[in-house]
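Taken in order, these protein sequences are the chains called Y and H. Using the working numbering, you'd call the opening residue of the first sequence number 120 and step up by one each time. Using the working numbering, you'd call the opening residue of the second sequence number 1294 and step up by one each time.
The hints are simulated quantities; they were obtained by calculation from the structure and are not laboratory data. Note that the structure is a prediction, hence the values are computed from the model and not measured. Any given hint could be a false lead.
With the Cβ distance kept under 7 Å, some of the chain H side facing chain Y (calculated, not the full set) [said to hold, decoys possible]:
id: 1; residue: Val1318
id: 2; residue: Lys1386
id: 3; residue: Gly1387
id: 4; residue: Arg1390
id: 5; residue: Tyr1423
id: 6; residue: Ala1430
id: 7; residue: Asp1459
id: 8; residue: Leu1463
id: 9; residue: Thr1467
id: 10; residue: Leu1585
Simulated DEER-style distance windows between Cβ atoms [what the hints assert, rightly or not]:
id: 11; chain 1: Y; residue 1: Glu424; chain 2: H; residue 2: Gly1595; range: 50 to 58 Å
id: 12; chain 1: H; residue 1: Asp1591; chain 2: Y; residue 2: Phe323; range: 21 to 29 Å
id: 13; chain 1: Y; residue 1: Gly254; chain 2: H; residue 2: Ala1553; range: 20 to 28 Å
id: 14; chain 1: H; residue 1: Gly1595; chain 2: Y; residue 2: Ala384; range: 16 to 24 Å
id: 15; chain 1: H; residue 1: Asp1559; chain 2: Y; residue 2: Asn331; range: 18 to 26 Å
id: 16; chain 1: H; residue 1: Ala1553; chain 2: Y; residue 2: Glu513; range: 52 to 60 Å
id: 17; chain 1: Y; residue 1: Lys249; chain 2: H; residue 2: Asn1295; range: 39 to 47 Å
id: 18; chain 1: H; residue 1: Leu1611; chain 2: Y; residue 2: Ala333; range: 40 to 48 Å
id: 19; chain 1: Y; residue 1: Tyr201; chain 2: H; residue 2: Gly1346; range: 43 to 51 Å
id: 20; chain 1: Y; residue 1: Lys151; chain 2: H; residue 2: Asp1375; range: 28 to 36 Å
id: 21; chain 1: H; residue 1: Asn1295; chain 2: Y; residue 2: Asn331; range: 47 to 55 Å
id: 22; chain 1: Y; residue 1: Lys249; chain 2: H; residue 2: Asp1591; range: 57 to 65 Å
id: 23; chain 1: Y; residue 1: Ser143; chain 2: H; residue 2: Glu1300; range: 30 to 38 Å
id: 24; chain 1: Y; residue 1: Pro317; chain 2: H; residue 2: Arg1589; range: 54 to 62 Å
Result set (DSSO-like, lysine-lysine): computed pairs, CA atoms no more than 30 Å apart in a straight line [unchecked claim]:
id: 25; chain 1: H; residue 1: Lys1642; chain 2: H; residue 2: Lys1505
id: 26; chain 1: Y; residue 1: Lys199; chain 2: H; residue 2: Lys1668
id: 27; chain 1: H; residue 1: Lys1316; chain 2: Y; residue 2: Lys151
id: 28; chain 1: Y; residue 1: Lys249; chain 2: H; residue 2: Lys1547
id: 29; chain 1: H; residue 1: Lys1505; chain 2: Y; residue 2: Lys199
id: 30; chain 1: H; residue 1: Lys1556; chain 2: Y; residue 2: Lys330
id: 31; chain 1: H; residue 1: Lys1458; chain 2: Y; residue 2: Lys249
id: 32; chain 1: Y; residue 1: Lys174; chain 2: Y; residue 2: Lys562
id: 33; chain 1: Y; residue 1: Lys249; chain 2: Y; residue 2: Lys228
id: 34; chain 1: Y; residue 1: Lys249; chain 2: H; residue 2: Lys1556
We treat Cβ as the ideally placed atom computed from N, Cα and C, and that holds for glycine.
Listed below are the residues making up each chain.
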Amino acid sequence: MNYEVVMGLETHVELSTESKIFCSCGGHSAAKEPNDCVCPACCGMPGMLPVMNKKVVELAVTAGLMLNCEISRYTTFDKKNYYYPDLPCAYQITQLNHPICTNGFVTLKTSTGERDIRINRIHMEEDAGKLVHAGKASYVDNNRTSVPLIEIVTEPDFRSVEEVITYLNKLKSMFRSAGISECEEGAMRCDVNVSVRPEGSTEFGVRTEIKNMASFEAIEKAIRYETQRHMDAIEFETEELVQETRRYDDASGKTFAMRNKETAADYRYFPDPNLMPIIIDDEWLERIKAMKPVAIDEKADVYREAGISEKEIDMLIHNYNASKLLDDVVALGCDAKNAAGWILTDSVGILRRNGKLLIDLDIRAEDLTAIIQMVDSGSINRMSGKKILAAVIEMGVDPVAYCKENALDAKVDEATIESVMDKVFLENAQAHEDYKNGKVKAKQALFGACIRALKNTADTDIIRELLDKKLSNL
Amino acid sequence: MNEYTVELSDNGTIAVDDTILVKGVQSAAGSRILEGYKPLFSAEAVTRLKDKGYVIAGKTHVGEFGLDLVGEFSYYIEKEEDLKGAAASLISKGEIRAALGVDMNGAPRRAAALSGVDFLKPTYGTVSRYGIISCAASGEQLGVYAGNVKSVGEIMEVIAGHDEKDGTSLKEATYDYSTEVAVSGKKVCIIKELLEKVDDGTRQRVNAFAEKLRKNGVIVEEISCDLFDVANTAWQILMTAETCNNVSRFDGVKYGHRAAEYKNIDELYVNSRTEGFNFLTKSVILYGSDVLSKDRYDDCYGKSLKVRRVAAEKFEELMKSYDAVLTPICSKTEYKAYDISGAFETVFKESVFTSVANLIGIPALVSGKVQLMGKHFSESVLLSLAGCAERVGQ
């Protein structure tokens, strides 16, 4: 018999806010040591009250807009009760009754074509802390407590692992490009609801939920294992399927039962009286819409039109910092294709030399624009431009001042170049001889020697031009 | 009896109850579960008083989480035959001028009546709840005890006002705590159904107070109103649910009392909480847990939220015809010691006089051993009415 797998996803994404959702502690990835981003509020001490971080609302709305959701104009928080040492208040503040976004969809392109996955809702909530186990003792680290999350809940619309992974990659690209989340490992966690039914059937099979997976690899393996388990149970009656929550064990590649319907916790949700309902009026919504970045597909099209290569587009849409920098320097008057080269080739080269990645790039759009414009206007050559770029990235210098201090903009006239070139020809008589005998490569050696002799002060295009003239005249 | 849990200054004029945090001073809300808990910060109201030069005399006893009648079930005090609240006693003895208390289920109001002092539970959202050991966030409010309405008004002027650290703190409210508003021609109603619930002595107090008002030209009328029983039931449901949720953070893991004996995390929770809470708190936790459970939510918690809306509308309607409501605050003129096993029901019954103010956030002033309630932000009317009665009595 052929089977169809039916899946729905709940994806938790940690938001890239400066501070936590209900207090002013540093947010996601701000902490260096355990418990160094904590305060009485996120440690669950009595007397502290939650105060809403508006940025969280704005990022959640942005996510909703990107996923074609309806944005709630009235949204409220609820308390979810359960005991665990990494949950200092013994309740989590989340949204049950009036989530921030509802009824959206996202279009996926897979090998089987294009399909829409419906988004049931997006809600905001706070993360829990974590436990560190050492020997017989367990330690609580509250750095992650109250870091803002959004949870994106889909309808049971997925029919293959490929669709699931495509969806997650798409979320990741979207959220990174919009500065909603970096979505690195651990900052994006997934619960997958799985059921299996005979092909053609319209009724759902018994559903199990695999909880809290942090890597795409684990998600893929867990789904494959779980679907096979369901099919075996149906086809060979290996076991009786029950509605339950399961956990995926990476080491064995299997899923294990955690709790079933009868032992399911009653979270005793109720509206949080400490947080007033949030009203999103037209003005605020318009402001958020204005901040919303262009949808990722549209953005890729814009880059493509500007002549940026597919490889570079891929780098850009996966890196919010880089695409924002590019957009900013373009806004300051630079050519997109040219600027993309400066960011994705030259800057990346400099970063790599320092053992860093594109994600670490920290340069002001104004500074990069200054460098590009100095080169484009011919006041310095490209080599000098790269030197200045390196100094800006590595030492944070001012590009114009650095250029002056190091005399990189010294103008060298053609006469000087020609006289230096004459000297080079005398010193490199052998190379000149080789060229005349048909060794084309020798020209490159002469060119390099000219550049060195001129100490990088002259425009390479002019050198090349003059060199060609001299060689053809001889 | 020593009214203080901790004495801070001999020349202090203000006391602060044990539910309100004072930086570095044990603040335990009368509960063993918070034994030794010294907060890292003071309540906003305490900070505002200190900034104005008021000296805090000490921290006064409260019943565990303010759940009892007047403070009889604190872990930190010996049982006494006649019940009276610690802060109210200090004021009636003239040892301090005023005190701060948290009114979550009427305990400070009842205590004020027993000692013959004043207590104002102000409009919800007018005084910051930052730094109080919160139990029922949707209706608890920090209020002021004092010997007369002028002193109540004076302290309110200092502590009221927006605080960005409290999300429920009102931003653009107008505050008026003057005690000299003209009262002649004001209309006050007495609720027949509430008078039927009290003993003769208490009824006479209400009638005597009404006479004093009349002498000042106030019109007092007895009316029938069925709001109070249903408001009480609704508030007890919301209050127990919210308290159950808020005290769940007291688990022996982070601070306060931790049981000596446990084998695993579940035993640590169960043993610490079994030892740390008294029977009344445990009853409230069980009751609150039940009304929030999936099967009961709609009939209990959900319905209570609806009652809250309807009650607010009904009270507003009543306030179109009257400026204030005059009610008893306790069913008897004095309380005697009783066993904690009956506390939940006893407090439930007595709260019929107090719950509506917590439920819908209206101001309630106890003065002259009776209670005046009015619409939101009508504190100056209540204080002035009580003030004129005060003067007749002198």
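Checked hints:
1. Val1318: With a closest approach of 13 Å, the valine 1318 (chain H) hint is violated.
2. Lys1386: violated, 29 Å
3. Gly1387: Nearest chain Y Cβ about 31 Å off; hint violated.
4. Arg1390: Not OK, violated: arginine 1390 (chain H) not within 7 Å of chain Y, min 25 Å.
5. Tyr1423: holds, 6 Å
6. Ala1430: Holds - the Cβ of alanine 1430 (chain H) comes within 7 Å of chain Y, reaching about 4 Å at its closest.
7. Asp1459: With Cβ-Cβ at 5 Å, under 7 Å, it holds.
8. Leu1463: Nearest chain Y Cβ about 10 Å off; hint violated.
9. Thr1467: violated, 19 Å
10. Leu1585: holds, 4 Å
11. Y:Glu424 / H:Gly1595: 50 to 58 Å: holds, 55 Å
12. H:Asp1591 / Y:Phe323: 21 to 29 Å: holds, 26 Å
13. Y:Gly254 / H:Ala1553: 20 to 28 Å: Roughly 21 Å apart at Cβ, these two residues keep to the hinted range, so it holds.
14. H:Gly1595 / Y:Ala384: 16 to 24 Å: About 20 Å separates the Cβ atoms of glycine 1595 (chain H) and alanine 384 (chain Y), which means 16 to 24 Å holds.
15. H:Asp1559 / Y:Asn331: 18 to 26 Å: Once the Cβ atoms are compared, 21 Å apart, the range 18 to 26 Å for asparagine 331 (chain Y) and aspartate 1559 (chain H) holds.
16. H:Ala1553 / Y:Glu513: 52 to 60 Å: holds, 59 Å
17. Y:Lys249 / H:Asn1295: 39 to 47 Å: For asparagine 1295 (chain H) against lysine 249 (chain Y), whose Cβ atoms are near 45 Å apart, the range 39 to 47 Å holds.
18. H:Leu1611 / Y:Ala333: 40 to 48 Å: violated, 57 Å
19. Y:Tyr201 / H:Gly1346: 43 to 51 Å: holds, 46 Å
20. Y:Lys151 / H:Asp1375: 28 to 36 Å: violated, 58 Å
21. H:Asn1295 / Y:Asn331: 47 to 55 Å: holds, 52 Å
22. Y:Lys249 / H:Asp1591: 57 to 65 Å: violated, 35 Å
23. Y:Ser143 / H:Glu1300: 30 to 38 Å: holds, 35 Å
24. Y:Pro317 / H:Arg1589: 54 to 62 Å: violated, 40 Å
25. H:Lys1642 / H:Lys1505: Holds - the C-alpha atoms of lysine 1505 (chain H) and lysine 1642 (chain H) are around 29 Å apart, at most 30 Å.
26. Y:Lys199 / H:Lys1668: violated, 33 Å
27. H:Lys1316 / Y:Lys151: holds, 28 Å
28. Y:Lys249 / H:Lys1547: Roughly 14 Å between the alpha carbons, so the hint for lysine 249 (chain Y) and lysine 1547 (chain H) holds.
29. H:Lys1505 / Y:Lys199: violated, 51 Å
30. H:Lys1556 / Y:Lys330: holds, 28 Å
31. H:Lys1458 / Y:Lys249: Roughly 26 Å between the alpha carbons, so the hint for lysine 1458 (chain H) and lysine 249 (chain Y) holds.
32. Y:Lys174 / Y:Lys562: violated, 59 Å
33. Y:Lys249 / Y:Lys228: Roughly 37 Å separates the two Cα atoms, so the pair is violated.
34. Y:Lys249 / H:Lys1556: Roughly 21 Å between the alpha carbons, so the hint for lysine 249 (chain Y) and lysine 1556 (chain H) holds.
The structure is inconsistent with the numbered hints 1, 2, 3, 4, 8, 9, 18, 20, 22, 24, 26, 29, 32, 33, although it conforms to all the rest.
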